[in-house]
Amino acid sequence: MAEERLRVQVAGRELEVSHLDRVLWPGDGLTKADFIGYLLQVAPYLLPHLRDRPLVCTRYPDGAGAPGFYQKDAPAGTPPWVRTWPHRTREGRRIRFILADEPATLAWLGQQAAIEIHPWLSTIHHPHRPDWVVFDLDPGPRATFAMAVEVALLVRQVLAALELEGYPKTSGATGLHVFVPILPEHPYPVVTEFARRLAGVVERLRPALVTTVRAVAQRPPSSVYLDFLQNGLGKTLVTVYGPRPRPGAPVSMPVTWDELERGVDPGTFTLRTAPARLQQVGDLWALAEAGRRSLTPACRRLGLDVAAGRPLPSPV
DNA sequence: GCTATGA
DNA sequence: TCATAGCAACGCAGG
DNA sequence: CCTGCG
3 MAEERLRVQV AGRELEVSHL DRVLWPGDGL TKADFIGYLL QVAPYLLPHL RDRPLVCTRY
63 PDGAGAPGFY QKDAPAGTPP WVRTWPHRTR EGRRIRFILA DEPATLAWLG QQAAIEIHPW
123 LSTIHHPHRP DWVVFDLDPG PRATFAMAVE VALLVRQVLA ALELEGYPKT SGATGLHVFV
183 PILPEHPYPV VTEFARRLAG VVERLRPALV TTVRAVAQRP PSSVYLDFLQ NGLGKTLVTV
243 YGPRPRPGAP VSMPVTWDEL ERGVDPGTFT LRTAPARLQQ VGDLWALAEA GRRSLTPACR
303 RLGLDVAAGR PLPSPV
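For the first sequence, the positions run 3 to 318 when our numbering is used.
Keep in mind the hints are simulated off the structure, nothing from the lab. These numbers were taken from a predicted model, which means no experiment stands behind them. One should not assume that every hint holds.
Pairwise CB distance ranges (calculated) [unchecked claim]:
| # | residue 1 | residue 2 | range |
| --- | --- | --- | --- |
| 1 | R53 | R208 | 21 to 27 Å |
| 2 | P189 | P63 | 34 to 40 Å |
| 3 | D307 | D260 | 34 to 40 Å |
| 4 | R295 | R208 | 22 to 28 Å |
| 5 | P209 | D260 | 25 to 31 Å |
| 6 | R302 | G31 | 52 to 58 Å |
| 7 | D75 | R295 | 20 to 26 Å |
| 8 | T258 | R53 | 29 to 35 Å |
| 9 | G29 | E291 | 44 to 50 Å |
Beta carbons: idealized from backbone N, C-alpha and C, even for Gly.
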């Protein structure tokens, strides 16, 4: 059977697709056609959260059961209408990051088998100043999702004491992400230091439940790893509504605190089920986007000298 | 999934 | 003509 | 210094 390439129109753009029957999620029977169809279905919800953010993709052309690879630089052959943003890394490397601002770009990423889409925490308008603080809650091998929820509620509580609001989403794997929408006022090092201190507070509240230690061997297997180090230039977490290359084709889904407290099963959010949920509950993440606040007062309360543009050593 | 490369 | 390599990245902590 | 980690 000859390889079939198809020219298709997507929202006014022309692109080529192929291998539409290739199974990307073995065991789930989900094909590349399903994947592209999903991306186009959720495009109205997804695109606003990707807009103007450099993307890092992980691609699985041979399916989620085979090795994938990261891609940052727009590959040769990228359609000319795909928007890119040239960036010079500290090491002087030039990277043309992909920006997704229209449905056709998502379809093209689907054709590229870019199963995971990871947007930066800052936009190209303020590349060095993030507009999210993120916490990645990862239950250890002997910990449960319910324990991750417990930790998320603690994070929420500490944020509330600082008059900040956190928004949770499932990670699409075993854990949770808590995102805090902030005004892009401070450079990454300040935000990282803020996150470090907040994580420290949470860890001290429940030392048996929470660990902030990076070395896997040193983490109690029954604790939840509270990772604040993803708050950095070029660091990313998987996008909201983004699928993962895991059995069941789970997606990272925003949830309400109420859903978490009621014990929602993160496994229910998949490529197959997410579109219906989006139709029913709408874009919960738009609420988060609408809630941006200054991080400055919270920094001050945690003893961070914001004016210096970088954290000062803790006065103790 | 696709291009650039070197044989 | 064909097979294959490349496709990110880097600071930070612990040892 | 090297290594593991995300």
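Hints, verified against the model:
Checked against the given bound of 21 to 27 Å, the beta carbons of R53 and R208, roughly 37 Å apart, lie outside it. The hinted window of 34 to 40 Å between P189 and P63 holds, with their beta carbons roughly 37 Å apart. Under the hint 34 to 40 Å, the C-beta atoms of D307 and D260, about 37 Å apart, fit the expected range. The given range of 22 to 28 Å is respected by R295 and R208, whose C-beta atoms sit roughly 26 Å from each other.
Our hint of 25 to 31 Å for P209 and D260 holds, since their Cβ atoms are close to 28 Å apart. As the Cβ distance of R302 to G31 is approximately 54 Å, the hint placing it in 52 to 58 Å holds. Between D75 and R295 the Cβ separation comes to about 34 Å, which falls outside the hinted range of 20 to 26 Å. At about 24 Å, the CB distance of T258 to R53 disagrees with the hint of 29 to 35 Å.
At roughly 35 Å, the beta carbons of G29 and E291 sit outside the given window of 44 to 50 Å.
Comparing the model with each earlier hint shows violations of hints 1, 7, 8 and 9; every other hint is respected.
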